[in-house]
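Sequences listed follow chains P and C, in order.
Sequential numbering from 1 applies to the first sequence in our numbering.
Sequential numbering from 1 applies to the second sequence in our numbering.
A portion of the hints provided could be inaccurate.
To be verified - As a list, the in silico DSSO-like pairs of lysine-lysine whose alpha-carbon atoms are at most 30 Å apart: (1) Lys187(P) - Lys168(P); (2) Lys336(P) - Lys44(C); (3) Lys130(C) - Lys378(P); (4) Lys38(C) - Lys336(P); (5) Lys130(C) - Lys156(C); (6) Lys130(C) - Lys198(C); (7) Lys183(C) - Lys75(C); (8) Lys183(C) - Lys368(P).
Don't read these hints as lab results, they were simulated from the structure.
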Amino acid sequence: MIYLDHAAATPLSKHAFEVMKPYFDTEFFNPSAAYLPAQKTRYAYEAAKDEIAHVIGAKGADLVMTSGATESINLAFSTISKDAKVLISAVEHQAVRACAARTNNFEEIAVDKNGRVKLEDLEKKISPEVELVSVCLVSGELGTLQPMSDISRIVVAERQRRAMASEKRPIYLHCDASQGLGLMEAKVARLGVDLLTINAAKVYGPKGIGALYVGRGVKVNPLSVGGGQEMGLRSGTENVPATIAFATALTDAERHLSAERKRLQGLKQKLTKKLATIPNIKFHGNQKTQLPSFISFSVPGVDAERIIFALEMDEIYLSTGAACAASKGVKSPALKAIGLTDEEIAGSLRISMGKLNDEENIAEAGEKICAAIINEQKRLNRG
Amino acid sequence: MAKVFLGMSGGVDSAVSAYLLREAGHEVVGVYMKNWSKNLPGMKCPWAEDLADAKRTAVRLGLDFRVFDFESEYKQKVVDYMIEEYKKGNTPNPDIMCNQEIKFKLFAETAFEQGAEMIATGHYAQTDGKNLLRAVDENKDQTYFLYRISADVIPKIIFPVGGMNKPDVKKLAEEVGLTVAHKSESMGVCFVGEANIKDFLGEFVETKPGEIRELESDKVLGLHDGAIFYTLGQRHGLGIKTGLPYYVVKKDMDKNIVYVSQNLNSLSLWKKEIQLKDIIIRGEHDLSKLQARIRHRAPLVAAKLEGDMLIFDDEQKSLTPGQSIVLYSGDNCIGGGIIA
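Next comes chain C alone, as it looks inside the complex (with noise of 0.2 Å):
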């Protein structure tokens, strides 16, 4: 049995896991990471009302509780590196950056210099001692999010809900009487990921309108507010009164125009091979015969991975720039990149 250092959101998975841990035998410290308390236009930062949920499970269940401020590292290695990549014109996940820096860096740092044996968290994964794997709850794997952790600290991670279904541990949570049962569950694993993208930018970044174009005709359809606001393969928002919709298909940012075009199969919209930045990968693995991941919960497709170059089977639709592609060799999470 270990000291296990727990970060606890306050939600019903890190409430569950910490319940299963000490229910294991573990010596479990609860810890609440507190990244951001600021609000947003439209969103009120629900940090507070977290933690207590957080320290109250904690108290139930009488394990130790502390809080750690990760505000400043936060604000450099996640939204700045946001931002960044915004103003790049690139569609950057500040969850994954989120997980590399803080939580599987940061808070594994801290915790074992405050003695803790082993970390913890709720995320919907599993590891073997050894490697990432993909969660039990095929709807709820996390892996995605945390294709970028580092290979040295997965030995030391517990994933106590990671071979859960989430309606069992939520069933579980409300059989031994944990207060978060029903809390309702935020998509994002991070509050900033949650807000509106253009509002969030809003408060850190000057934009100004530009012209949205046709990219077949080159013609002007109508104004945009920031090219920065947009992704690639978008069709919402884009404020153009027409039959077919548009889809956002280039960004020129030093001109800060946006192109659209209605083409379904323009070759801007689909891509048979891509070319990825930052790639890792943890172990030894036949690097032709993948399964990848273009975004949160997309079916797996098989891909093969070249020098810094994927090439799928099949052609795929808006890889955005910014975004990860996250690489499986079968059940286990062997890294990815960022798509160039």
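One chain only, chain P, in its complex shape (with noise of 0.2 Å):
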């Protein structure tokens, strides 16, 4: 198998594995028990919170711990008023713009041709009603990193302006960084956002666990009431073992990440040389703003998805440029915005490297990847 997906899923670490293990069995206990044991076990969860949140320049009692990215960012926009504007980037993930469109009233914030947010738009767009800006990390399918912190200067500026105008509405700026992190820097104080977005699934931890980072004075509306877990922000019985899986995971990512974006730059430069052999290709975003494991790209007239059952034959797993949107027949919003023909969305695919690949397996990945578009060039043409 070559595994290039791993922006959709990446395996549980062997390390994650071994010291999540315990708190299924010898260590089970309900954390919320009196008991010494319990204890010992709200402990653990404690400190592997605060393992966490110091990856991202926090404190675990920041956090909220959810089940996964989708719960975070349903949480984060849970800030809003009523009445309130809400502004996204028009890369986001479904489940940003699912929320976003659940105000109905929000806007998409323009980006440029690399899928990064263009400043002046938002500056446009930033108007007194706007009470939560939502920006991805790393867009999910472009793997173009966004302008974090110019955004957050923008958004800082609406709200000194309004605490002048003696304005009451706040404004938050909420980032997903579902893609990106463990790859990338994300420290809170530096992206200057409000609530942050983070996922264990995609930097080697388990699935089913993630969290929200909640700024000081940022008031999150819970989704789940009950025993008043997690500061009453989210009831319900901690997830234990996969909290701690989640810390584990992420500190090696942390620890091995300069050295792994290097290696990852180096596979992409190889695998990108080799696949601007194949005709008609176009590459999407640019080297510079790109996470160093992605490569986005659109071969017109190629239906991607004919291209991925033809590797899977190889056992070759890629993605379509719209992971969750191509199966259902939905045109990527992403991909649109950037600028894309239909026809290049159609011909779209996204490679995302990790820890499963390898100088070997990228270059075997590269000739025959290569070979099946080659192949459908011709069948299209014999047609």
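Using the supplied hints, reconstruct the complex from the two chains, each of which is provided in its own coordinate frame.
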């Protein structure tokens, strides 16, 4: 198998798997129970939260653990009032788009041809009724990094303007960091965000665990109430094993971050060079502002899904340009936003590399991907 | 060798059909008909997965593949028809309507427009180029669902698996490495046909509760949640607590009353002759010597057709208005009609 879809899911690291096991077994206790062994489980849980928080430059108490990015995003959107307006970038994940759509009052911030938010468009749209600006750290379809600190400056300026004008409406910046976390620095202070969504499933942690960083003074409304866990913001017995594994996976990723980036950058260069031999190929995004694990490209005329099905016969797994959207026949809004034609969108593929890749399998993948696409082009020409 | 447009559902029968057509040297275009995509209560519509399975098979066999979007036509011709029939108190068969209006009409027309010389599907049925014939696999024969297809289209149909037994189809799928070889089989042809009819109708029709009465005594035995949901001969889901089971023997749609009886010999349940409507007969046949099938997989029974009356040699049970009776002359599925 050559796995080229790390942006969709990553395997659980052996280290993370090992550390979580006792919490299913001997340390299974409910962390809310009073006796000592349960208290020890609670300490381990709190320590894991601190460890996760540390990676993003926060404290454990700033985190609300959730079932994953989608829940975190929903929780982030719980901060807004009924008549609020929301701004999201044009390259957001479906979860953000769906949350925004529910408000009935949202606008998209335009992006350039590389999928980067146009700051002047944000400045234009940041009106007095905007309560939430939501921009991803990295676009899941393009791998494009967003200028978070510049975006933050615009949000902060608006917040200051409102303070000076005695306007009561708050404004927050939420960043969905499900893509990018573990492969780039994501400190809340440097990003300048009030809310940050993170997720274990893409950093070699388990599925079903994520968190929302909630900045001081930001008021979130719980989606579920009950026993009052997570400071009342997310009731339900804590997912101790997954939280502990998340902490380990994230810390490991952080520790090897710069070496892994360098390694992936090297693989990306080689694979890109090979793919460039495909007639009519078009690469999306700018090298400088793209995550080193990502290659996004399109081959107009070719049906990307056919390429997926052809390559799976060689046990090479990658994704169409719009991972979630493609199988439903929905055109990817992100690919549309960067100005691709329908034909280019239909012919879009996404490669996201990671730990399962090395020089050898990337070389083989390059050969096979080129062959599959060129084969398909030939088949189409015959017809 | 012909240019064949094959309807691919994502199941094993149409996948093996694709393989067989390709092996026979035809130029095959796989087509997924997107007829329905809405989830229903308790049922996730598997169209996206089915489409992916169909496309995957096409790619593995190196075939061209297309999607025909028939959602609005399906809604109009099949679903609306079905709802109307239920409202009248009948129990329609959406699969039959789907074959008549969508698969062997709209699909065929669209395929021919796009250059097809022949069409194919994974149904268990056969043709001799003129007549619709029963499948070799008696147990899987689907001519019951196909009896209303037009005589004009039959010469242009290939049923690649109609001459095979189902176990052999599955075996072949496995041997040639088709990924859908072990895909679980759905009973009906259409998704809508598989849905719990109560849940399905609940989405489209407003219903009110009414009385369940005993036919003989007119005594009220209980309440039902809409006469529309009940079918003649139905025994389960009546909510009557007694020793012997009750059967639905009659429905009064205007008064919203369902009549039941414990008497299995009730005249309402057993009939020797029945009036048919919308009869179609393909070709010339001796209508006094026919075999009839009163539901899918039911054994063939001797009958004769006189005008619009079908007369059985022996009494038949639970002949339900809206359901079809399909007529055979030997292996030839000559047509049939809908119980009036």
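Would you mind confirming whether the straight-line C-alpha gap from Lys183(C) to Lys75(C) stays at or under 30 Å? With Cα atoms ~27 Å apart, Lys183(C) and Lys75(C) stay inside 30 Å; holds.
CA of Lys183(C) to CA of Lys368(P), is that 30 Å or under? 28 Å, holds
Would you check the hint for Lys130(C) and Lys198(C), treating anything up to 30 Å between C-alpha atoms as holding? Since the Cα atoms of Lys130(C) and Lys198(C) sit roughly 39 Å apart, the hinted pair is violated (cutoff 30 Å).
With a cut-off of 30 Å on the C-alpha distance, tell me whether Lys336(P) and Lys44(C) pass. Between Lys336(P) and Lys44(C) the Cα gap is close to 29 Å, so the pair holds against 30 Å.
Is the Cα-Cα distance between Lys187(P) and Lys168(P) 30 Å or less? Roughly 28 Å between the alpha carbons, so the hint for Lys187(P) and Lys168(P) holds.
CA of Lys38(C) to CA of Lys336(P), is that 30 Å or under? 26 Å, holds
If you draw a straight line from the CA of Lys130(C) to the CA of Lys378(P), is it 30 Å or shorter? 39 Å, violated
For the pair supplied as a hint, Lys130(C) and Lys156(C), confirm whether the alpha-carbon distance does not exceed 30 Å. 9 Å, holds
Going through the hint list in order, the structure does not satisfy hints 3, 6.
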